[in-house]
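The hints should help you fit chain Z onto chain R, whose structure is shown.
If you read the protein sequences in the order shown, they are chains R and Z. Here the first sequence is numbered in the working numbering, starting from 1 and rising by one per residue. Here the second sequence is numbered in the working numbering, starting from 1 and rising by one per residue.
No lab work stands behind these hints: they were computed from the structure. All clues given are correct.
The calculated DSSO-like cross-link candidates involving lysine-lysine, where the alpha carbons are at most 30 Å apart (straight line), are:
1. R:K48 <-> Z:K48
2. R:K73 <-> R:K48
3. Z:K119 <-> R:K119
4. Z:K73 <-> Z:K48
Protein chains: 2
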Amino acid sequence: MPERKPVPDPTLLRICRYLRILERQEANTISSAAIADAAGVNAAQVRKDLSFFGEFGQPGVGYNVQHLLASLKRMMGLDREREVVVIGAGALGSALINYPGFESRGFRIVGVFDNNPAKIGHRLRGYEVMAFDRLAEEIADRNVSLAIIAVPRLAAQDVADALIAAGVRGLLNFAPVTLRVPDHVVVRTVDLTLQLETLAYHLGD
Amino acid sequence: MPERKPVPDPTLLRICRYLRILERQEANTISSAAIADAAGVNAAQVRKDLSFFGEFGQPGVGYNVQHLLASLKRMMGLDREREVVVIGAGALGSALINYPGFESRGFRIVGVFDNNPAKIGHRLRGYEVMAFDRLAEEIADRNVSLAIIAVPRLAAQDVADALIAAGVRGLLNFAPVTLRVPDHVVVRTVDLTLQLETLAYHLGD
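Excised from the complex, chain R in its bound form (with noise of 0.2 Å):
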């Protein structure tokens, strides 16, 4: 694996967002202006991020469509299926695994767990809600290295460290709280009141 320098969150964030601008093109280059005006941000932005990555593109034509997306998703790990479970087969969790978004960008869930014994079983969305002792098993038959948390605040510490006993490295959290994780795991805590908090300030009144 070639060394990279690490790439800050909110240009991977920004990256991900003109893949999918990209993906909509027809036409066969696109300038960085409008990428940048689909994006919503400025031109200079868009190079700068993109120069994370390598040199792409030239001036006066504009990127290659094709290539400029074919690079960017070898670069972000995301031309490949990636393997996901969830954890918790509550309301969240019911919505998540239909999320519409997860299995066009090529990760697919595998695996639904709870531990509420009037839920294992049954079926959930086309999943068979599985108990949580069956997690480890599990992850290793399927080679399994993400998993999204949608269980009670409480319970998500414990889920983060059985999951990374098992063997997965990148977290997924919906649960509000911070959670400990040793260094070679990742976590992205998704806290959607955050959001709406963020939008009353806002409002400014």
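Chain Z in isolation, oriented as in the chain R frame:
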């Protein structure tokens, strides 16, 4: 309304995390180091973030928890209830309606809307799903300023336009699209797949 200097979004998001930590405190005072430790940042960051909102705390004593909590909530606009509407009664809208964090943090869902005749008039987690054409009336009647958009990508801009025309000033958008809004409106777009994509990058394989 007093003039406020704009606070950057990353600071706002951290302040909201500090609020959660303060709410769980049982002691009367807390140090910046203790807040930092619980939030997974360093103490200098905590002090810098708080300085946007005023001068708090005493060297060697720390912060008065209740005073800091009340001050930050007031300055964040989080010291009152906010009425919110949800547009889209699909799987995601359905999960968001019952997302435990909203109600407990003062965001009260007062209406759920969809344009699917099979859903209109039916109850969804205790809410009657209303026809989209009743949106303007309901928003005006209930003085709603925040909306959650949980509709497909291609419908999101039209929904946003209708919400803004009806007087909504803050949009939490779950559709993977950059919404165009006038200057007086604030949008936060939550694309759950983006977060998985940045995790894929960090896996480095």
